[in-house]
Amino acid sequence: MTPAEIVAGAFRGLEYAGLLGFVGVVVMRQLARQPPHLGWVRPGMDGALALALLGGVATVALAPSWIGAARVAVELAALVMCLRWGPGAVPAGFAAVLLLALAGHAAGAQPVVPAILVDELHVLSAGIWAGGVLVLAMLRPPDGWRSPGGQDLLTRFGRVAMVAFAFTALTGLLRATEQVTGFSDLWQTVYGAVLVAKSVGVLAMLALAAVTWRRGVPVARTDAVMALAVMVATGLLAAFPNPPAGA
Numbered sequence: 008m009t010p011a012e013i014v015a016g017a018f019r020g021l022e023y024a025g026l027l028g029f030v031g032v033v034v035m036r037q038l039a040r041q042p043p044h045l046g047w048v049r050p051g052m053d054g055a056l057a058l059a060l061l062g063g064v065a066t067v068a069l070a071p072s073w074i075g076a077a078r079v080a081v082e083l084a085a086l087v088m089c090l091r092w093g094p095g096a097v098p099a100g101f102a103a104v105l106l107l108a109l110a111g112h113a114a115g116a117q118p119v120v121p122a123i124l125v126d127e128l129h130v131l132s133a134g135i136w137a138g139g140v141l142v143l144a145m146l147r148p149p150d151g152w153r154s155p156g157g158q159d160l161l162t163r164f165g166r167v168a169m170v171a172f173a174f175t176a177l178t179g180l181l182r183a184t185e186q187v188t189g190f191s192d193l194w195q196t197v198y199g200a201v202l203v204a205k206s207v208g209v210l211a212m213l214a215l216a217a218v219t220w221r222r223g224v225p226v227a228r229t230d231a232v233m234a235l236a237v238m239v240a241t242g243l244l245a246a247f248p249n250p251p252a253g254a
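Each number in the working numbering corresponds to the 1-based position in the sequence shown with 7 added.
Rather than coming from a laboratory, the hints here were simulated on the basis of the structure. Note that the structure is predicted; figures quoted are calculated from it, not measured. Among these hints, one or two may not hold up.
What follows is a set of in silico ranges between Cβ atoms, one per label pair, in the way DEER data are often shown [unchecked claim]:
#1 A57 <-> P10: 24 to 34 Å
#2 T229 <-> R153: 15 to 25 Å
#3 A102 <-> L181: 36 to 46 Å
#4 V87 <-> V224: 30 to 40 Å
#5 V224 <-> D53: 23 to 33 Å
#6 D150 <-> V120: 47 to 57 Å
#7 A204 <-> S72: 21 to 31 Å
#8 P71 <-> P118: 24 to 34 Å
#9 T188 <-> G46: 50 to 60 Å
#10 Q195 <-> P155: 50 to 60 Å
#11 D53 <-> W73: 23 to 33 Å
#12 S72 <-> P42: 44 to 54 Å
#13 S154 <-> V120: 24 to 34 Å
#14 P10 <-> P43: 51 to 61 Å
Note that the Cβ used here is the ideal one computed from N, Cα and C, for glycine as well.
Could you put together the complete structure from these sequences and hints?
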């Protein structure tokens, strides 16, 4: 693993953060449209798409690949459409999200189609809850999070996030069993160590979510930092080679 590949993995993590944040924006907008309508929930998707494009361009520059170049082209198209037509960028944005799975280890797994489908579900479900956490960190209810509107949004998001997290955990477990051939890989390989660090980050996010439910106020900034750390770890995992069999 070269330093350039490690840096590329970190930039891929930023690309993950942008695309998953985009999913979170779409989810929050849909939740806000439910009656009663929450007019103050108006997160923009241009920032998320710009971050994804920045990370994608840097990743392709450091670790060129045809699928990476295609994904960057779709991200650019999504950002341009967002700036010109707003919601018209949603299909292109989701196309970029789906292309993430083709750049990971699933593309080299056998059988390839189920592996890619699992990866797609993993990325989309992570975007719903982890991307949603990033969006929550940017929202400011007019009367605070303890107001009826703030509590209403937290309740709506909490229901969706729990289901999405369950899908993320299940698909993540399936991915790990395919890519880690032995329990000792978790501490004897760099891939395993990063996987453990990512898992610890996810558990920390769960603990913060429990605090949110107990207090009725999101620990938004801390949770968002943890979400970003988990996404960077995800980018590194995609860049690292799988542990060799029997390692």
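Hints versus structure:
1. One distance hint, 24 to 34 Å for the beta-carbon pair A57 and P10, holds here, with the actual separation near 26 Å.
2. Judged by the Cβ atoms, the range 15 to 25 Å given for T229 and R153 holds: they are separated by roughly 18 Å.
3. The hinted window of 36 to 46 Å between A102 and L181 is violated, with their beta carbons roughly 24 Å apart.
4. For V87 and V224, the Cβ-Cβ distance of about 37 Å falls inside the hinted range of 30 to 40 Å, so the restraint holds.
5. Between V224 and D53 the Cβ separation comes to about 28 Å, which falls inside the hinted range of 23 to 33 Å.
6. Between D150 and V120, the C-beta spacing of about 49 Å keeps the proposed range 47 to 57 Å intact.
7. For A204 paired with S72, a C-beta distance near 25 Å keeps the hint of 21 to 31 Å intact.
8. P71 and P118 have their C-beta atoms about 27 Å apart, which keeps the hinted 24 to 34 Å range intact.
9. Take T188 and G46: their Cβ atoms lie about 52 Å apart, and the range 50 to 60 Å holds.
10. Against the hinted window of 50 to 60 Å, the Cβ-Cβ separation of Q195 and P155 comes to about 52 Å, which satisfies the hint.
11. For D53 paired with W73, a C-beta distance near 27 Å keeps the hint of 23 to 33 Å intact.
12. Take S72 and P42: their Cβ atoms lie about 45 Å apart, and the range 44 to 54 Å holds.
13. Take S154 and V120: their Cβ atoms lie about 47 Å apart, and the range 24 to 34 Å is violated.
14. In this structure the supplied range 51 to 61 Å holds for P10 paired with P43, their Cβ-Cβ distance being about 52 Å.
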